[in-house]
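So the chains spell out like this:
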Amino acid sequence: MDPKQMHNCIQKYKSLLFIWIVLHTLCACSSFHNDKKIFRLNQVQGVESLDPAFAKNLNIMWHVHTLYNRLIEYDENRQVRPSLAMSWELSADRKTYTFHLRSDVYFHDNDAFPNGKGRRMIAKDVVYSFARILDEKTASPGAWIFHDRVDTIAPFIAIDDSTFQLNMLRPFNPMLGILSMQYASIVPQEVVEKWGKDFRAHPCGTGAFMFQDWEEGVVITYRKNEHYWEKDSAGNSLPYIDGIKATFIDSKATEFLLFMQGDLDFMNGIDVSFKDQVLTKNGTLKPDFQGKIALQKHAYLNVEYLGILQIDSLNPQKTLLQKKIRQAINYGFDRKKLVTYLRNNIGVAANAGFIPIGLPGFDSSLVKGYTFQPEKARQLIDEVKKEFGQIPTITLLSNDNYSDRCNFIASQLNALGLPIQVEIMQPSLLREQMSLSKASFFWGTWIADYPDAESYLTMFYGKNTAPPNYTRFKNETYDRLYEQCLEEADEQKKIALYQQMDRIIIEEAPCVPLFYDEVMHFLNKRVRNFKTNSLNMIELKSVQLK
Amino acid sequence: MLPFLFRKVLNSFLVLLGVVGIVFVLFFVLLPADPARLTMGQRSDAKSLENIRKELYLDKPVYLQFLFYLNDLSPLAIHGNTKEDIEKYDYTKLFSISNQNNVVLKAPYLRRSYQSKKEVSSMLLDAFPGTFILAGLAIFFATVFGILFGIIAALKKGTWVDTSVIFTSVLGISAPSFFAGILIAYVFGFLLRNYTGLSIVSPMWDYDPFQGRHLILKSLILPVFTLSIRPLAIIVQITRSAMLDVLSQDYIRTAYAKGLSKKAVVWKHALRNALNPVITSVSGWFAELLAGSFFIEYIFGWKGIGKITVDALNKFDFPVVMGSVLFTAFIFIVMNILVDVMYGIVDPRIKK
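As they're listed, the protein sequences go chains A and B.
Counted the way this note's numbering counts, the first sequence spans residues 6 to 551.
Counted the way this note's numbering counts, the second sequence spans residues 98 to 449.
Hints in this document: simulated from the structure, not taken from any laboratory.
We treat Cβ as the ideally placed atom computed from N, Cα and C, and that holds for glycine.
One thing to keep in mind: the hints can contain errors.
As the list claims (entries may be wrong) - Partial list, derived from the structure: chain B residues whose beta carbon lies under 10 Å from chain A:
| id | residue |
| --- | --- |
| 1 | Thr136 |
| 2 | Gln139 |
| 3 | Lys144 |
| 4 | Lys151 |
| 5 | Thr189 |
| 6 | Phe229 |
| 7 | Lys400 |
| 8 | Val438 |
| 9 | Met439 |
| 10 | Gly441 |
Said to hold, decoys possible - In silico lysine-lysine, DSS-like type, Cα no more than 25 Å apart, as pairs:
| id | chain 1 | residue 1 | chain 2 | residue 2 |
| --- | --- | --- | --- | --- |
| 11 | B | Lys215 | A | Lys202 |
| 12 | B | Lys144 | A | Lys468 |
| 13 | B | Lys185 | A | Lys142 |
| 14 | A | Lys142 | B | Lys180 |
| 15 | A | Lys443 | B | Lys412 |
| 16 | A | Lys142 | B | Lys151 |
| 17 | A | Lys530 | A | Lys297 |
| 18 | A | Lys257 | B | Lys315 |
| 19 | A | Lys257 | A | Lys329 |
| 20 | B | Lys412 | A | Lys202 |
| 21 | A | Lys286 | A | Lys297 |
| 22 | A | Lys202 | B | Lys315 |
| 23 | B | Lys254 | A | Lys202 |
| 24 | A | Lys342 | A | Lys381 |
| 25 | B | Lys151 | A | Lys443 |
| 26 | A | Lys468 | B | Lys151 |
| 27 | B | Lys144 | A | Lys100 |
| 28 | B | Lys180 | B | Lys203 |
| 29 | B | Lys144 | A | Lys443 |
| 30 | A | Lys199 | B | Lys180 |
| 31 | B | Lys151 | A | Lys199 |
| 32 | B | Lys151 | A | Lys202 |
| 33 | A | Lys199 | B | Lys412 |
| 34 | A | Lys142 | B | Lys157 |
| 35 | B | Lys215 | B | Lys151 |
| 36 | A | Lys199 | A | Lys257 |
| 37 | A | Lys142 | B | Lys144 |
| 38 | A | Lys479 | B | Lys144 |
Sequences are here, hints too, so could you generate the full structure?
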């Protein structure tokens, strides 16, 4: 082709050539290529803060768990194990804990430290971190963990660099559980004070991963902490992976498509619209997906229930104040069917007490819950009708995501002659109504704060208002037993007390337990050694990527 | 021009004040929600709640809360001279009125989000570039192609070209953005991924723990295209009808009669006069897109004003809602003033 022809040709196709160059440039800036092992996951809910003082929901807790450590933690078998504290003892009067701290733990590097090098974590940091939670200036939603429990004059004392003492007002059994919560993570004073309120986005802890970048609402990245103190049983340094990338795409359906494309290593739960495509009715992977992805299930300390407000003056739906009606609701629908058809068998029908499977205190032979007995339900409803006449329609409040269970229950009870209608509310408004004791019959869920049945039983303690006592249940025997169990030194006796309380809840029926939940984690094939636990905490310390 | 602008700015100020009043009344008088409770986890106690209420000024009577909010918002305000206040408001002191209080000048303080404790102004500033780029490119694309197709349809009136342009634009108008968005993301980002190289989610920046931030320009293709469909379709229709109107005027015949080429007549004489309604429509759309396009942001995982606002509404996060509503109102006001100025340039008759 001679130059003139070439020139003409270029002139002719100038615009096409331009488009081609633009597209080529665009595509050239595609994703990253490196050989680092990065664990990729998505969180639909997003996180609002990386400050442990604001670790109020599971999403924030998980990030705090990645960045920070607490004095102690729970393992997969729900046993307390040492973390920053190597050992601890409780005084004879059961009011003082003394913790012996590790001396080889360093904070992540940060400009707030001299020379930017992370300094050693000492007992004073523990004192500062705990006092910060209590400080009203912090306005932490987690201040309740210490209120009315720790000593008012000298609650936290650093005896020396590696000994920390916690003084309580009175013996309080769940204290170790509380110290395992993310609110009780250890933070360095210098960094908190340097950033003030913006510490939320400039975290510095002692955890297995260090904060790297956060574009809010889009992505967070972490790098491995090269100086992390924990080692595996063979003496190798943890963690094994090089980093984490957590994105925040709000659509669960999009998350699923990305997971199937191999762009994500992990997915917690599954979008309702894809559920039946992936899972059989028995809750296992369909043959098409076996070998392509892995599914891990584990008992999850989460109970879904219907709550019934117990205060006469506040509950306009007076029928619900009749114990017989509350029991009839409990007898009148098939929990097994609910779990099988609406949940693809994820979870276990709550046929025992309110304490879920997986917690010491759960025993379906000692605490007999409600099973599906339509005849008994009908009989109870008829008795109430005979006494009080026609039953006005009862309204059950739910939010959109869970209306399927509520409608299922309503239709089964309607068939038995108990008229129930479901009203859908925006999730925050529903919670608000529950907190103000304005919801007389509502759908709710409760996740254990720590693996101790007390975390559930506190929901029905008469001296608690809402939250956690959303039903405002008050029963003298129950309250006495609850106070007793907080101080009971003998583990067996404590568990017997738990079961006694659970039986009262079942008998009085201020709530309708639906099912004990299960965690459902989907994993990419390249993920190894991922351990699912009962608090649904994503633990990446010991995960390996192929 | 100056008195006109002054009047406009004064009006706008009143509009903004009205917006603040309405949103405030909606949140604190009409809505039964208590935002302090919504910042807590599942378990809490009365004392924690009290601390939070105090921190969010929710323990004060409503009228005082309103006055405090206006004081925070106003560039000319009264603030304390404690270290905390100086840091918080970053003000320039004018004079003191008592031992503790100063009259000060400052940038409007939009407070911090109830939920995340992040400063609302920095939340908006973080989200705005994304929204601006998306809206700007979409409106640019829509305007250029909309006017072009509109002119072609007008010139070829009654032929198959005209009919197909009209048909396609009606199709574009009737496709809601959430439907078109999902369809486009699924087809080009999932089914045809291997050919297009695009993804169902298109954030502007990609992050890697080791290589940091990385701009992904190709991310723009699907959201910009989806977002421009509706304005494009409408601009086509408006241009077409305005052009048809103008082309039948006497002066166009005169222009042809004095021997001007078709190109000169169409582009210089007809188009300029037909542009007025198009400008109104383009500016309206642009302002609307700048206020955030929630569905597109949601579907493509794009960080923008729309997503922030909807999230905040769901959580009753008053400062963020107020901040974004004010911001949106401000954008509309600025756009309105700009459009008034532009009318004058395009059509000199309006200057008077």
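Status of the hints after comparison with the structure:
Satisfaction of the interface hint for Thr136(B) is found here, the shortest Cβ-Cβ separation to chain A being roughly 6 Å, below the 10 Å cut-off. Annotation: Gln139(B) was flagged as interfacial toward chain A, and the flag holds, the nearest CB pair being 6 Å apart, inside 10 Å. Because the closest C-beta pair between Lys144(B) and chain A is about 5 Å apart, less than 10 Å, the hint holds. At its closest, the beta carbon of Lys151(B) sits 7 Å from a beta carbon of chain A; the interface hint therefore holds under the 10 Å criterion.
Taking 10 Å as the C-beta contact cut-off toward chain A, the hint placing Thr189(B) at the interface is violated, the least distance being around 21 Å. With a cut of 10 Å, the hint placing Phe229(B) at the interface with chain A is violated, because the nearest CB-to-CB distance is about 16 Å. Taken as an interface hint, Lys400(B) checks out: its beta carbon lies about 5 Å from the nearest beta carbon of chain A, inside 10 Å. For Val438(B), the shortest C-beta to C-beta distance to chain A is roughly 33 Å, which exceeds 10 Å, and the interface hint is violated.
For Met439(B), the interface hint is violated, since its Cβ never comes within 10 Å of a Cβ in chain A; the closest pair sits about 29 Å apart. The interface hint given for Gly441(B) is broken, as the beta carbon of that residue sits about 35 Å from the closest beta carbon of chain A, more than 10 Å. Taking the CA atoms of Lys215(B) and Lys202(A), the gap is about 8 Å. The hint holds against a cut of 25 Å. Between the alpha carbons of Lys144(B) and Lys468(A) the distance comes to roughly 14 Å, so the proposed pair stays at or under 25 Å and holds.
Between Lys185(B) and Lys142(A) the CA atoms are separated by roughly 15 Å; this keeps the pair inside 25 Å, and the hint holds. Distance restraint check for Lys142(A) and Lys180(B): the Cα-Cα separation of roughly 15 Å lies within the 25 Å cut-off, and the hinted pair is therefore satisfied. Between Lys443(A) and Lys412(B) the alpha-carbon distance is near 19 Å, which keeps this suggested pair within the 25 Å criterion. For the hint pairing Lys142(A) with Lys151(B), the CA-to-CA distance comes to about 9 Å; that is within 25 Å, so the pair holds.
Simply put, Lys530(A) and Lys297(A) have alpha-carbon atoms about 7 Å apart, close enough for the 25 Å limit, and the pair holds. Pair hint Lys257(A) plus Lys315(B) holds up; C-alpha atoms about 23 Å apart against a cutoff of 25 Å. With a C-alpha separation of about 41 Å, the suggested pair Lys257(A) and Lys329(A) falls outside the 25 Å cut-off, and the hint is violated. Pair hint Lys412(B) plus Lys202(A) holds up; C-alpha atoms about 20 Å apart against a cutoff of 25 Å.
In summary, the hint linking Lys286(A) to Lys297(A) is supported, as the alpha carbons are separated by about 19 Å, within the 25 Å threshold. For the suggested pair Lys202(A) and Lys315(B), the alpha carbons sit about 36 Å apart, so the restraint of at most 25 Å is broken. Taking the CA atoms of Lys254(B) and Lys202(A), the gap is near 63 Å; set against the 25 Å cutoff, the hint is violated. Restraint check for Lys342(A) and Lys381(A): the C-alpha separation of about 18 Å stays at or below 25 Å, so the hint holds.
Proposed proximity of Lys151(B) and Lys443(A) is supported: the alpha carbons are some 23 Å apart, at most 25 Å. A hinted pair counts as satisfied when its Cα atoms are at most 25 Å apart, and Lys468(A) with Lys151(B) qualifies at roughly 24 Å. In summary, the hint linking Lys144(B) to Lys100(A) is supported, as the alpha carbons are separated by about 23 Å, within the 25 Å threshold. For the given pair, Lys180(B) sits about 16 Å from Lys203(B) by alpha-carbon distance, which is consistent with the 25 Å threshold.
As the CA atoms of Lys144(B) and Lys443(A) are separated by approximately 21 Å, the hinted pair is consistent with the 25 Å bound. A hinted pair counts as satisfied when its Cα atoms are at most 25 Å apart, and Lys199(A) with Lys180(B) qualifies at roughly 15 Å. Taken as a hint, the Lys151(B) and Lys199(A) pair is honoured in the structure, with Cα atoms around 23 Å apart against an allowance of 25 Å. A hinted pair counts as satisfied when its Cα atoms are at most 25 Å apart, and Lys151(B) with Lys202(A) qualifies at roughly 16 Å.
The straight-line distance between the Cα atoms of Lys199(A) and Lys412(B) is roughly 29 Å, outside the 25 Å bound, and the hint therefore fails. Between the alpha carbons of Lys142(A) and Lys157(B) the distance comes to roughly 17 Å, so the proposed pair stays at or under 25 Å and holds. In summary, the hint linking Lys215(B) to Lys151(B) is supported, as the alpha carbons are separated by about 18 Å, within the 25 Å threshold. For the given pair, Lys199(A) sits about 37 Å from Lys257(A) by alpha-carbon distance, which is inconsistent with the 25 Å threshold.
Taken as a hint, the Lys142(A) and Lys144(B) pair is honoured in the structure, with Cα atoms around 12 Å apart against an allowance of 25 Å. Under the criterion of a C-alpha separation no larger than 25 Å, the hint pairing Lys479(A) with Lys144(B) is consistent with the structure, at around 21 Å.
Taken one by one, the earlier hints fail for this structure at numbers 5, 6, 8, 9, 10, 19, 22, 23, 33, 36, listed in ascending order.
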